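With chain A held as given, fit chain B with the ligand onto it using these hints.
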Amino acid sequence: MTEPLDPNPVNGELAVREYFDSKTRRYLKRVITPELIEEHRCGPHAQHRSEPLGRLMFYLKNLPIDQQYALRLMPNGAYRITSIPKPGEPPVEVDGTDYPDPSAGLHGIFLRKINDLMGRQDG
Amino acid sequence: MAEQKIFGYTDRLSVKQGDRLNIYVNCDGSDFADAQLVRLIHGDNNTEAGPGYIEREIPHPANGNWPVKKQFTQLGNYLTVEDPDQHLKLDGTLSMGAFIWPSMPKRGARQTIMGRWDTLTNEGFALGINPDGYLEFWVGDGKEVDYITSEMPLIKHVWYLVGVSFDAMTRTVTLYQEGVLNRYNSLIGTTTPYDFASHVRTRFRFSQHNRADVPFLIAGARDHHELRGNFVGDLYAGKIDRPFISERILTREEMDTVKAGHKPPADGLMAYWDTAAGYTDDGIGHDVVETGPYRLKTRGVNHPVRGMTGWNWNGKNDCFRLAPHEFGGIEFHPDAVTDCGWAVTKTIEIPSDLKAGPYAIRLRVGPGCGIAEEYVVFFVRQAKPTAKLCFLVPTASYLAYGNETLAFDAQIVQPMTGQPPIISDVEIETYEHREYGLSTYNHFEDGAGVCFSSWKRPIINMRPKFRNSWMGAPWQFPADLSVTAWIEHCGYDCDFITDDDLHREGLAALKPYNCVISGTHPEYVSERMLDAQEDYVAQGGRLIYTGGNGYYWCVNFDPEEAAVMEVRKLDSGMRAWAAKPGEHYLQTCGTKSGLWRNRGRAPQKLVGVGMISEGFETCTPFRRMPDSWHRTVSWITEGIEGELIGDEGLAYGGAAGIEIDRYDLALGTPPHTKIIASSGGHTDNYVLATEEILYAYAGMVGSLDYRIRADMIYYTSWNDGAVFSSGSIAFGQALPAKGFEGTTSKLLRNVVDAFLKDGPLPGRQWTLEEKQWR
Ligand SMILES: [Fe+2]
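Here the protein sequences line up with chains A and B, keeping their order. Offset between the first sequence (1-based) and our numbering: plus 516. Offset between the second sequence (1-based) and our numbering: plus 307.
Simulated from the structure, these hints should not be mistaken for lab results. Computed from a predicted structure; not experimentally measured. One thing to keep in mind: the hints can contain errors.
Pulled a few chain B residues facing chain A out of the computed Cβ check, cut under 8 Å [to be verified]:
| no. | residue |
| --- | --- |
| 1 | ALA416 |
| 2 | VAL507 |
| 3 | PHE715 |
| 4 | GLN718 |
| 5 | GLN721 |
| 6 | ILE729 |
| 7 | THR925 |
| 8 | GLU998 |
Backbone N, C-alpha and C define an ideal beta-carbon position, used for all residues, glycine too.
Looking at chain A on its own, in the form it has when it is part of the complex (with noise of 0.2 Å):
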């Protein structure tokens, strides 16, 4: 007796992932304070992060590309915040919001990652 074939089977890691990053949330949401938001907008690239603040970062570069963002450079020089591209798919830009410069912008997408990571239900 031979199984019926699925050719397109679903990664069942994609649950087990789900219950880890949920706990780290968990973490995450007790931890995010605006000491820490003005720690990152003072230094995006620091050396010496606070604990909470490595380990927030952590979570939000490892996120799925498809909950990530790009800055766009704009031809008058400023800089928006838009979706990670898909093949075939121009960019999606979130908001409106003009950046002057890199380090604006990406703490820019530093606050639209809390806010994704706030809304999650996490229990």
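Same frame as chain A, but now just chain B with the ligand:
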């Protein structure tokens, strides 16, 4: 009006004074483009730390208005079969079969395995995969199409024998599908309880009608577009091994003997492609050997990947050279392209007095910026070298990165660079249309790593002003313009040769020069390139390596097509993909690919340092090390105040960083090498290179692991030869900072001035005893 955009490429990257160069242009939304020859002086438009973007317009008869047009690109791999006598135009009974390993069976589009089919008029016959992922055979009479479809969907990355027999008398058609997976050859193993087999029989309403002008193709089918004309569509993704076609009915028992490893019956056989034939110890060409009665000349388009593990690979042999018959897999990718094949737009003559260096034809339409501006880049070489200095343009590495889209596709990139990408219009445009092929950092749509890259297509990141999106700074060519700008600023007479020149000509290409200087990231090198540089140094040449993560991958240029470079990524190393087991050897030369370090030639042996870490996002200065005060080498840092070197730069404000290399006696650094300066204490985004790791443990990061550093080194060789290495990509981008007068610039000027002089190097006068003091 259509959006205006313009893209182009040349037939060569290196052109000598007095030679001619072909330029190919594709333009949307305009019939004319404004063309201007420019010398590229500096590529980084960062005006805060450096001089900004600089080009110089050069008077040339070709400047002005060029007629341009829309040009089309044939994407995808397939095999063409020359069949002038139309032996394969089978109008009656026929059988076909092939071993296949589909990589995207449910692609949502029809895929042709083999046949003589016209998609436009629905004429002919073909065996293929339907959009839902089922094996299918179909015939068309120009009005209607009849299909027979398997009852079991094809599973990706599993080997099958598939085939069809069509009896034109009775119009009975029988489909054959059997799994041939073994313990090694497929993604899943023998314990997965799937039934792969399907045998279906039906009766068609009619037989095929064949038009005379339709070609027999493997892995594609004839299509037609009003503007474009004929092209090949319905491309197949995956491997095909030993396909055949017969003019008689093959019984199930006869197909079973093929499945058992026998050749198809000779009686009635019209063509049998022995895909494993013709292999040599020096590689595999693009012709596929057809061993049937008519020996039909068959050839791959856009570099189908050869020598791949076949249906009968049993895991014992790891290379096509050892057991060719087990490596008959040809891998096809619908999105591969190694030659856009456009019509020549313009042939220009390089003036015989044009100074050697980086140039471009700047093309503008409409607004003349963003995607309405193109720089078609090439390098001019002295017809007869008179310069003592030569910049070795790392074109193999430009090709490797050509059109990379890591920021859009690679989950790994943000964890590596530590920051979201900063993207530009030209990338967005090319990513959306994907007409110009991929880099060796990409995966094809079917998930396989890209192992060929070519300059016969627009390369959007090989242009000035381009900023790498995942790092937010110039990379490769535009970054190297910081080194060439420095050469120009210093007023050195300098020739320019490319990696492909060096690969073709060997040591003779380097001989005329006292000193050869590299780019910021010469990561991809062929054996001939490496041999030439090694012999150059041993015979008294002086080599300056201004980069990081260099001399790393084993590559080759295709002997049949000089524009194409091949690499396979495997085993270890910081790598974008991993070649499958058994597929680690370069098809263009037969040698193993992967890291030079894993073939006994770690970069340390030639340039004293080799890859240790990458971290991007931040850079630091170097600090002088005790060796630098030794009087055999103190001339290198002459005139530099204090202990810091390179506290400046266009890439994150320092000369040490991005990707960095380390001195390591255990990997062959010449023992008398002096460490002039070193970095260290990088951020924790700098992680240990994977090839260094035997056991992984916590703390292999910049602030915790002393090995993570850039070592700036110097050593002397035979005959007054010498090597200076910066061990850091950011070093080159530090040269233009502070008006080209920073410490990085001062130091490199000391080195180049000394290296250009004939005779003994400074520091040679000291006694052996003193030299050994440390
Ligand atoms: Fe690289």
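* Does VAL507(B) pass the interface check with chain A, least Cβ-Cβ distance below 8 Å? -> Given a least distance of 15 Å, the restraint on VAL507(B) is violated.
* Asked: Hint check: is the beta carbon of GLN721(B) less than 8 Å from a beta carbon of chain A?
  -> Where the cut-off is 8 Å and the nearest Cβ of chain A is about 4 Å from GLN721(B), the hint holds.
* To do: Could you check if GLU998(B) really has its C-beta closer than 8 Å to a C-beta on chain A?
  => At about 23 Å, which exceeds the 8 Å cut-off, the nearest Cβ of chain A leaves the hint on GLU998(B) violated.
* Cut-off 8 Å, beta-carbon criterion: hint that PHE715(B) touches chain A -> Interface hint status for PHE715(B): holds (5 Å vs cutoff 8 Å).
* **Interface hint outcome for GLN718(B) [beta carbon to chain A under 8 Å]** => Holds. Min distance 6 Å.
* ALA416(B) as chain A interface residue, shortest Cβ-Cβ below 8 Å -> Constraint on ALA416(B) not satisfied, violated at 13 Å.
* Restraint outcome when THR925(B) is required to lie within 8 Å of chain A by C-beta distance -> At 5 Å from the nearest chain A Cβ, THR925(B) passes the 8 Å test, so the hint holds.
* **Interface hint compliance - ILE729(B) to chain A, C-beta minimum distance less than 8 Å** => holds, 4 Å
The structure is inconsistent with the numbered hints 1, 2 and 8, although it conforms to all the rest.
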